[in-house]
Amino acid sequence: MSAATGGIADAVIICSVVGINAVIGYFTESHSEHAIESLKNTFKPDACVLRDGTARRIPSREVVIGDILVLKPGVYISADSRIINAHHLNLDESPLTGE
36 MSAATGGIAD AVIICSVVGI NAVIGYFTES HSEHAIESLK NTFKPDACVL
86 RDGTARRIPS REVVIGDILV LKPGVYISAD SRIINAHHLN LDESPLTGE
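In the working numbering, the protein residues as written are 36 to 134.
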């Protein structure tokens with residue numbers, strides 16, 4: 036619009052600012068995507084389960100129906116579960132509800 040009204044200098048400045056903003060946005064987005072991928076690769080949740088009466092650590096994706104999860108403070112619950120026995124249990128459900 037500025038170029039049409041004779042403000043060539045204004046048009047050049049506006050286009051330059053928009054171009055710089057696009058370049059900065061691209062590099063910021065690229066860096067963010069790389070950081071997210073890096074975090075995904077480093078965080079591989081696991082679970083402690085009882086199988087055949089023996090406690091063992093397995094990747095969370097390998098938890099199956101019938102496994103008994105052994106939970107301790109600070110661990111993530113790997114699947115839908117039924118509580119068999121608990122002492123002073125507190126759960127943080129905010130990641131599920133988005134709070």
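Since the hints were derived computationally from the structure, they do not count as laboratory data.
The beta-carbon is built from N, C-alpha and C at its ideal position, and this holds for glycine as well.
Do not take every clue at face value.
[Unchecked claim] Pairwise CB distance ranges (calculated): (1) V52 with S116: 25 to 33 Å; (2) P80 with V53: 39 to 47 Å; (3) G60 with E128: 33 to 41 Å; (4) E128 with K75: 19 to 27 Å; (5) V110 with T63: 19 to 27 Å; (6) Y61 with I100: 39 to 47 Å; (7) E97 with F62: 34 to 42 Å; (8) A57 with I103: 28 to 36 Å; (9) E97 with S65: 31 to 39 Å; (10) R91 with N56: 46 to 54 Å; (11) R117 with G60: 22 to 30 Å; (12) K75 with S51: 18 to 26 Å.
What hints, given by number in increasing order, does this structure fail? 1, 5, 8, 11 and 12
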